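Since the structure of chain A is already known, use the hints to place chain B on it.
Chains as they are written, first to last, in our numbering: chain A, 60 to 136; chain B, 71 to 223.
Please keep in mind that the hints were generated in silico from the structure rather than gathered at the bench.
Keep in mind the model is a prediction, meaning the values are calculated, not measured.
Certain hints may be false.
Straight-line C-alpha distance at most 30 angstroms; calculated DSSO-like pairs for lysine-lysine [unchecked claim]:
{"no.": "1", "chain 1": "B", "residue 1": "Lys218", "chain 2": "A", "residue 2": "Lys116"}
{"no.": "2", "chain 1": "A", "residue 1": "Lys99", "chain 2": "A", "residue 2": "Lys116"}
{"no.": "3", "chain 1": "B", "residue 1": "Lys223", "chain 2": "A", "residue 2": "Lys90"}
{"no.": "4", "chain 1": "A", "residue 1": "Lys99", "chain 2": "B", "residue 2": "Lys126"}
{"no.": "5", "chain 1": "A", "residue 1": "Lys109", "chain 2": "A", "residue 2": "Lys132"}
{"no.": "6", "chain 1": "A", "residue 1": "Lys96", "chain 2": "A", "residue 2": "Lys109"}
{"no.": "7", "chain 1": "B", "residue 1": "Lys223", "chain 2": "A", "residue 2": "Lys132"}
{"no.": "8", "chain 1": "B", "residue 1": "Lys223", "chain 2": "B", "residue 2": "Lys132"}
{"no.": "9", "chain 1": "B", "residue 1": "Lys203", "chain 2": "A", "residue 2": "Lys90"}
{"no.": "10", "chain 1": "A", "residue 1": "Lys132", "chain 2": "B", "residue 2": "Lys205"}
{"no.": "11", "chain 1": "A", "residue 1": "Lys132", "chain 2": "B", "residue 2": "Lys126"}
{"no.": "12", "chain 1": "A", "residue 1": "Lys96", "chain 2": "B", "residue 2": "Lys126"}
{"no.": "13", "chain 1": "B", "residue 1": "Lys205", "chain 2": "A", "residue 2": "Lys90"}
{"no.": "14", "chain 1": "B", "residue 1": "Lys133", "chain 2": "A", "residue 2": "Lys96"}
{"no.": "15", "chain 1": "B", "residue 1": "Lys218", "chain 2": "A", "residue 2": "Lys99"}
{"no.": "16", "chain 1": "A", "residue 1": "Lys90", "chain 2": "B", "residue 2": "Lys126"}
{"no.": "17", "chain 1": "B", "residue 1": "Lys205", "chain 2": "B", "residue 2": "Lys132"}
{"no.": "18", "chain 1": "A", "residue 1": "Lys96", "chain 2": "B", "residue 2": "Lys223"}
This is what each chain is made of:
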Amino acid sequence: MPDDKNADFSDVEGGGSSTAPPAGRTYTVVKGDSLSKIAKQFYGNASQWKRIYEANKDVIKNPDLIYPGQTFKIPEG
Amino acid sequence: MTRLRRTAWAAGLGVATIGTVSCKKKEAPPPPAESTAPAPAPAATPFAVQSIELGKSIGSDKKVPSPSTTFGRHDTIYVSVATDGAAPSKTIAAKWTFQSGQTVKEQSQTIAPTGPAATEFHISKGGPWPAGKYKVEILVDGSSAGTKDFEIK
Numbered sequence: 060m061p062d063d064k065n066a067d068f069s070d071v072e073g074g075g076s077s078t079a080p081p082a083g084r085t086y087t088v089v090k091g092d093s094l095s096k097i098a099k100q101f102y103g104n105a106s107q108w109k110r111i112y113e114a115n116k117d118v119i120k121n122p123d124l125i126y127p128g129q130t131f132k133i134p135e136g
Numbered sequence: 071m072t073r074l075r076r077t078a079w080a081a082g083l084g085v086a087t088i089g090t091v092s093c094k095k096k097e098a099p100p101p102p103a104e105s106t107a108p109a110p111a112p113a114a115t116p117f118a119v120q121s122i123e124l125g126k127s128i129g130s131d132k133k134v135p136s137p138s139t140t141f142g143r144h145d146t147i148y149v150s151v152a153t154d155g156a157a158p159s160k161t162i163a164a165k166w167t168f169q170s171g172q173t174v175k176e177q178s179q180t181i182a183p184t185g186p187a188a189t190e191f192h193i194s195k196g197g198p199w200p201a202g203k204y205k206v207e208i209l210v211d212g213s214s215a216g217t218k219d220f221e222i223k
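This is chain A alone, in the form it adopts within the complex (with noise of 0.2 angstroms):
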């Protein structure tokens, strides 16, 4: 039996590989992420939020509020 169709996904991670080298890796906020949280998929601590924030101090006004379809470059590992 199906789940209700509004599941609370907010506690789901992800990650990704490749056998091509990368070329300068983006992400697109979607609803629940953080920079904390964001840090934690990329780099596997969350405490290198300011990593990205350093690296998108030009769509990112305020560390706290980033908002869903902002597209962030993450600076490689």
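Structure of chain B alone, referenced to chain A:
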């Protein structure tokens, strides 16, 4: 008179010499050297997605060893995107959705492939996955390159 003749003879010799030089037959241009230019390189393979596979694990080659479309409620779900072709920059994105379209996760990687490559994305959940039908759509530079349906039971 003798001096005059010698002078005239010398002058004539000079003209003849100049004439010889100026009328020297032009040498034929050297034959072209044998071409040593390398054969033109084959046209680069255009970048394209070859296959999309789902599975419960991923190999070091970023391919799914045992493709599956049915998962358990505590599984980590992997999708492997096999591509071919070279490009200086291609953004591959995975959009995971639940049932009628609720977004589960969106991920992307920007790669610089030089030939055949495999790119994987994976998702896991702190708690159990809601049972039901899911879909992952793969996009290349924002354009859909294919979808895969799967079910969590």
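Hint by hint, here is what the structure shows:
1. B/Lys218 / A/Lys116: violated (36 angstroms)
2. A/Lys99 / A/Lys116: holds (19 angstroms)
3. B/Lys223 / A/Lys90: holds (25 angstroms)
4. A/Lys99 / B/Lys126: holds (22 angstroms)
5. A/Lys109 / A/Lys132: holds (12 angstroms)
6. A/Lys96 / A/Lys109: holds (12 angstroms)
7. B/Lys223 / A/Lys132: Violated: B/Lys223 and A/Lys132 sit about 36 angstroms apart, past 30 angstroms.
8. B/Lys223 / B/Lys132: holds (25 angstroms)
9. B/Lys203 / A/Lys90: holds (21 angstroms)
10. A/Lys132 / B/Lys205: holds (26 angstroms)
11. A/Lys132 / B/Lys126: Holds. A/Lys132 to B/Lys126 sits at ~29 angstroms (cutoff 30 angstroms).
12. A/Lys96 / B/Lys126: holds (24 angstroms)
13. B/Lys205 / A/Lys90: holds (18 angstroms)
14. B/Lys133 / A/Lys96: Roughly 27 angstroms separates the two Cα atoms, so the pair holds.
15. B/Lys218 / A/Lys99: Holds: B/Lys218 and A/Lys99 sit about 27 angstroms apart, inside 30 angstroms.
16. A/Lys90 / B/Lys126: holds (26 angstroms)
17. B/Lys205 / B/Lys132: It holds: about 20 angstroms lies between the C-alpha atoms, which stays within 30 angstroms.
18. A/Lys96 / B/Lys223: This hinted pair holds, its Cα atoms lying about 28 angstroms apart.
The earlier numbered hints that this structure contradicts are 1, 7.
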